[in-house]
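S.K.: Chain by chain, the residues:
Protein chains: 2
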Amino acid sequence: MSSVKQVADFARSSCAVASTLDIIGDKWSLLVIRDLFAGKSTYGEMLASGERVPTNILADRLKRLEEAGIVEKNAYQERPVRFAYTLTPKGRDMGDILIALVRWGRKHIPDSTAHAFAERAARATAKPRVTKKPKARRA
Amino acid sequence: MSSVKQVADFARSSCAVASTLDIIGDKWSLLVIRDLFAGKSTYGEMLASGERVPTNILADRLKRLEEAGIVEKNAYQERPVRFAYTLTPKGRDMGDILIALVRWGRKHIPDSTAHAFAERAARATAKPRVTKKPKARRA
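Protein chains in written order, with our numbering: chain A, 1 to 139; chain B, 1 to 139.
Treat the hints as calculated values from the structure; they're not laboratory data. No residue lacks a Cβ here, since even glycine has one placed at the ideal position from N, Cα and C. Among the hints, erroneous ones may be present.
Stated by the list, open to error - Partial list, derived from the structure: chain B residues whose beta carbon lies under 8 Å from chain A:
| id | residue |
| --- | --- |
| 1 | D22 |
| 2 | I57 |
| 3 | D60 |
| 4 | L62 |
| 5 | T86 |
| 6 | T88 |
| 7 | W104 |
What the hints assert, rightly or not - Below are the EDC-like pairs computed for lysine to aspartate or glutamate, each with C-alpha atoms no more than 16 Å apart in a straight line:
| id | chain 1 | residue 1 | chain 2 | residue 2 |
| --- | --- | --- | --- | --- |
| 8 | B | K107 | A | D96 |
| 9 | A | K40 | A | E51 |
| 10 | A | K63 | A | D26 |
| 11 | A | K90 | A | E78 |
| 12 | B | K90 | B | E51 |
| 13 | B | K90 | B | D60 |
| 14 | A | K73 | A | E45 |
| 15 | A | K27 | B | D26 |
| 16 | A | K40 | A | E78 |
| 17 | B | K107 | A | D93 |
| 18 | A | K107 | B | D96 |
| 19 | B | K63 | B | D26 |
| 20 | B | K27 | A | D26 |
| 21 | A | K27 | A | D60 |
| 22 | A | K107 | B | D93 |
| 23 | B | K40 | B | E72 |
Isolated chain A, as found in the complex:
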């Protein structure tokens, strides 16, 4: 069974936690999403991250996340073709999950660090501020 089929066919229950973990419940997917929040977009940039994701795993996770509508890719170069990856709105909605993971880690795992992406994730998921229209002046 291909990893792509797994995303489509595998559903353990209707529970929202289980259903979400069916997509991103592994050691790597959320690190790819973290990198995209941090502004990385190419395969090479993600391979260079501190965790040294194996190349076959990175390729598999990007494909799965694209199939799940969380990531989209666009060619930025032809011959050889090269792709840039970005988060879709559905992917950007994962900011709160990352922030919760960061907060727990910072509190409970000694010497763990929060990277700049956390702030970006927070901004990306923040509700747009309602700006009051300036009152029309009477002429």
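Since the structure of chain A is already known, use the hints to place chain B on it.
M.R.: For chain B alone, coordinates are given in the frame of chain A:
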């Protein structure tokens, strides 16, 4: 390498997201934590959950979570000995992670449902309300 050693020895980077996923980054650990938030405490209760966790995986995850200080077990019966599992304060701090997963799932996965545990998780992680002391009456 035993699963217990993995928890202790495996650290991909100092990133708080990666470090947290080293502990609970798989399809099952957060479902066990969900069940404990929902008030389940015995092995049999957790085996009966809708996702039908395989018995060897449940045993492994409970052991790992105990090693990581997220879950604690206490014998509630002798001969044969039976254990009840509960979340430690460190485990209860995972409520925000579960809530973020629930919200994302409810928004993006059709027909996914939030169970009662979400509310309990929210209560468990909510800051205690500051109660004003009643003013001392003048005699």
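S.K.: Taking the hints in turn, state whether each one holds.
M.R.: Status of each hint after checking the structure:
1. For B/D22, the interface hint holds, the least distance from its beta-carbon to any beta-carbon of chain A being 7 Å, beneath 8 Å.
2. Given the 8 Å rule on beta carbons, the hint for B/I57 is violated: about 12 Å separates it from the nearest Cβ of chain A.
3. Against a cut-off of 8 Å between C-beta atoms, the interface hint on B/D60 is violated, since the closest Cβ of chain A lies about 15 Å away.
4. For B/L62, the suggested interface contact is broken, since its CB lies about 17 Å from the closest CB of chain A, more than 8 Å.
5. Proximity of B/T86 to chain A is violated relative to the hint, the smallest CB-CB distance being about 17 Å (cut-off 8 Å).
6. The interface hint given for B/T88 is violated, since its Cβ lies 10 Å from the closest Cβ of chain A, which is over the 8 Å cut-off.
7. For B/W104, the interface hint holds, since its Cβ comes within 8 Å of a Cβ in chain A; the closest pair sits about 6 Å apart.
8. For the proposed pair B/K107 and A/D96, the alpha carbon gap of about 13 Å is at most 16 Å, so the pair holds.
9. A hinted pair counts as satisfied when its Cα atoms are at most 16 Å apart, and A/K40 with A/E51 qualifies at roughly 14 Å.
10. Between A/K63 and A/D26 the CA atoms are separated by roughly 14 Å; this keeps the pair inside 16 Å, and the hint holds.
11. With a C-alpha separation of about 28 Å, the suggested pairing of A/K90 with A/E78 is violated against the 16 Å cut-off.
12. Restraint check for B/K90 and B/E51: the C-alpha separation of about 25 Å exceeds 16 Å, so the hint is violated.
13. The straight-line distance between the Cα atoms of B/K90 and B/D60 is roughly 19 Å, outside the 16 Å bound, and the hint therefore fails.
14. For the proposed pair A/K73 and A/E45, the alpha carbon gap of about 14 Å is at most 16 Å, so the pair holds.
15. Proximity of A/K27 to B/D26 is assessed by CA-CA distance (about 6 Å); at most 16 Å being required, the pair is judged to hold.
16. A threshold of 16 Å between alpha carbons decides the hint, and for A/K40 with A/E78 the separation of about 20 Å lies outside it, so the pair is violated.
17. Restraint check for B/K107 and A/D93: satisfied, since their Cα atoms lie roughly 9 Å apart, inside the 16 Å limit.
18. Of the pairs offered as hints, the one joining A/K107 and B/D96 holds, with about 13 Å between alpha carbons and a cut-off of 16 Å not exceeded.
19. For the hint pairing B/K63 with B/D26, the CA-to-CA distance comes to about 14 Å; that is within 16 Å, so the pair holds.
20. Restraint check: the Cα-Cα separation between B/K27 and A/D26 comes to about 6 Å, which is no more than 16 Å; the hinted pair holds.
21. At most 16 Å may separate the alpha-carbon atoms for a hinted pair to count; A/K27 and A/D60 meet this at roughly 13 Å.
22. At roughly 9 Å between alpha-carbon atoms, A/K107 and B/D93 fall within 16 Å of each other, so this suggested pair holds.
23. Taking the CA atoms of B/K40 and B/E72, the gap is near 13 Å; set against the 16 Å cutoff, the hint holds.
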